[in-house]
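Colleague: Chains as they are written, first to last, in the UniProt record's numbering: chain A, 1 to 151; chain G, 1 to 399.
Please keep in mind that the hints were generated in silico from the structure rather than gathered at the bench.
Predicted model, so just to flag it, every value in this text is computed and none were measured.
Glycine included, each C-beta is placed from N, C-alpha and C at the ideal position.
Selected chain A positions facing chain G (in silico; Cβ < 8 Å):
{"hint": "1", "residue": "Ile40"}
{"hint": "2", "residue": "Phe41"}
{"hint": "3", "residue": "Asp43"}
{"hint": "4", "residue": "Asn47"}
{"hint": "5", "residue": "Leu59"}
{"hint": "6", "residue": "Leu62"}
{"hint": "7", "residue": "Val63"}
{"hint": "8", "residue": "Leu65"}
{"hint": "9", "residue": "Gly66"}
{"hint": "10", "residue": "Ser67"}
{"hint": "11", "residue": "Val69"}
{"hint": "12", "residue": "Gln72"}
{"hint": "13", "residue": "Glu74"}
{"hint": "14", "residue": "Pro76"}
{"hint": "15", "residue": "Val83"}
DSS-like cross-link-like pairs, simulated, lysine-lysine; straight-line CA separation at most 27 Å:
{"hint": "16", "chain 1": "G", "residue 1": "Lys74", "chain 2": "A", "residue 2": "Lys100"}
{"hint": "17", "chain 1": "A", "residue 1": "Lys33", "chain 2": "G", "residue 2": "Lys74"}
{"hint": "18", "chain 1": "G", "residue 1": "Lys36", "chain 2": "G", "residue 2": "Lys119"}
{"hint": "19", "chain 1": "G", "residue 1": "Lys36", "chain 2": "G", "residue 2": "Lys114"}
{"hint": "20", "chain 1": "A", "residue 1": "Lys124", "chain 2": "A", "residue 2": "Lys108"}
{"hint": "21", "chain 1": "A", "residue 1": "Lys53", "chain 2": "G", "residue 2": "Lys74"}
{"hint": "22", "chain 1": "G", "residue 1": "Lys74", "chain 2": "A", "residue 2": "Lys46"}
{"hint": "23", "chain 1": "G", "residue 1": "Lys32", "chain 2": "G", "residue 2": "Lys114"}
{"hint": "24", "chain 1": "A", "residue 1": "Lys39", "chain 2": "G", "residue 2": "Lys74"}
{"hint": "25", "chain 1": "G", "residue 1": "Lys74", "chain 2": "A", "residue 2": "Lys108"}
{"hint": "26", "chain 1": "G", "residue 1": "Lys44", "chain 2": "G", "residue 2": "Lys131"}
Ranges of calculated distance between the beta carbons of each label pair, as one might list FRET restraints:
{"hint": "27", "chain 1": "G", "residue 1": "Lys24", "chain 2": "A", "residue 2": "Glu110", "range": "46 to 54 Å"}
{"hint": "28", "chain 1": "A", "residue 1": "Glu52", "chain 2": "G", "residue 2": "Pro79", "range": "14 to 22 Å"}
{"hint": "29", "chain 1": "A", "residue 1": "Gln139", "chain 2": "G", "residue 2": "Ile151", "range": "54 to 62 Å"}
{"hint": "30", "chain 1": "A", "residue 1": "Gln139", "chain 2": "G", "residue 2": "Ala122", "range": "52 to 60 Å"}
{"hint": "31", "chain 1": "G", "residue 1": "Asn41", "chain 2": "A", "residue 2": "Asp17", "range": "28 to 36 Å"}
{"hint": "32", "chain 1": "A", "residue 1": "Ser55", "chain 2": "G", "residue 2": "Pro79", "range": "15 to 23 Å"}
{"hint": "33", "chain 1": "A", "residue 1": "Ser55", "chain 2": "G", "residue 2": "Met40", "range": "47 to 55 Å"}
{"hint": "34", "chain 1": "A", "residue 1": "Ile9", "chain 2": "G", "residue 2": "Tyr96", "range": "58 to 66 Å"}
Okay, here's what each chain looks like letter by letter:
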Amino acid sequence: MDSLRQEKIHKFEEFVDRRLKPDLVRAIAERDKVFDQQKIFSDLRKNIENLEKNSVTNLRTLVNLGSEVYMQAEVPDTQRIFVDVGLGFHVEFTWSEALKFISLREEKLERQIEEYTRLIASIKAQIKLVCEGIRELLQIPEEKTVEGRVF
Amino acid sequence: MGKPEMKGTVTSLSSVFPPEEVQKAAKMVEGKLSEKQSEMNQLKEFIADNTSLINLVQKLPDELHHDIMVPFGKAAFFPGRLIHTNEFLVLLGENYYADRTAKQTVEILKRRGKSLMSKVDALKAEMQDLKAEASFFDSTASEVADDLVEIREYEEDNSPERVSQSGPVELESPSVAEADNKVSASEDDEYARLMLRLEELEKEELAAEDDGENDEDEDEDANANATETETDGDEDEDELTEAAFHGKKDEGYSSLDHNQRYLESQPRKQLQQSKGKDPMNEEMSTKYNHQDLTNQLACTGLTAEPVTKGNYGGEIPHGRIVHQDTKMLNPPVNASVPSGKKPVQTPKSEFDSSKAFTGSIIEHTENLEKKLPEQKTTSSQASDSKPSKPMSRFKMQRK
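The following block holds chain A by itself, in its conformation from the complex (with noise of 0.2 Å):
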């Protein structure tokens, strides 16, 4: 019987330590990923919204060549705006317009975090349920042996 038991509490230990772990673990990674797009895209409202407040028709701006070497680059021109739309695409835009966008996108990425959170959640929960059966398995036998414990 023991023998049995111990063998059940070691397959459920391993269930949890190698399937249930590692997928938690992945499932916050890629949620976390979300939650930098979502950064990215806010920083690029503000951004905008600050530009459309101070009318900023000129812009000055370094360019990193790469290694953290810089040069000048003068926009001319800011109405026009090309915001990447995923797949390789970027579409022009204007200010009114690419802040329609970026709100847009904003909604789709907190869907997307909402359902990260309840995938990480479920398995959180069966990793406590698979841990709650091995305490069971556990804990009977104690109970059976030493007599002092009554629920």
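Model the placement of chain G on the given structure of chain A, informed by the hints.
Modeller: Then chain G, alone, in the frame of chain A:
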């Protein structure tokens, strides 16, 4: 070589080096090797980026303006143009920037490339050391699997000890395996042992002066040895590759030709040392006894020395063993493997130890009995090899 009483021991390799440990050590080395490999790849990427940037910087000043898409954050672009095409803002580190022209920027980038190349070279040297270690482990593992047996014979007289082995490689391999396992432990002991040895050497030098041989050398050697003890790990290798050991500074120690045979006996001595300081003294004296002053000088730390160096070389090299892929195994093994070979070595006189440590390479052909030619080559190699082994300095620093 007279034939005084011969003592001998037969040890099965597998009993000395458990196969699992050897395999573990081999895996450890492989893991480190792969780490270094990935670092190397990364460095190569950096170098490639640097070169392409140099090309770009050289081409940009050809035009007054360049039409480009200026990035705005990570997900948006503005159409615009590059202006002031000869002015570059370069990051020097620590939030310090410098405005430079194209030519000056290219110079900066070239200097960066040079430092990257030197890092790559250092990494290559490390990887080679690791590979040598790995090969040692593999050979040890195969030897253990083949149930090879170590046979050691000792002569009970003042002539240099001769140790014969059934498998010369065996000595090294055990030390390698053990060295890896015990490097950390032995390093601490090594210092203590070194100090003891230094004291002994001093005494021996005083005694040696009476002999009128190589007094000067001894002093030098003693000093050199003190500093070079770290490189002692090489001693063991000497047997197998005299040249290899030269590089290592063990030279000071007793490079006696006879000592080469010693390598095997040294492991015992080293073991003794691990046991305690007293054994070390015995070992030192015994080792030196075998070696005439001249021999020691001649051998200067090359392969033969492992005997004397083994005492502390073994300990010090533990840390180095990793780098020294070759035969360092002996010293560590000696320390870790308790062998009761001490009694054999006690009869030796103590002078030799002082001479063995002479750091300088002095070839005295007077007393060299067997391996004169070998020693000479090794000594010359020793002098040459020093500069070529940057790793030893690291090891010294670590120690």
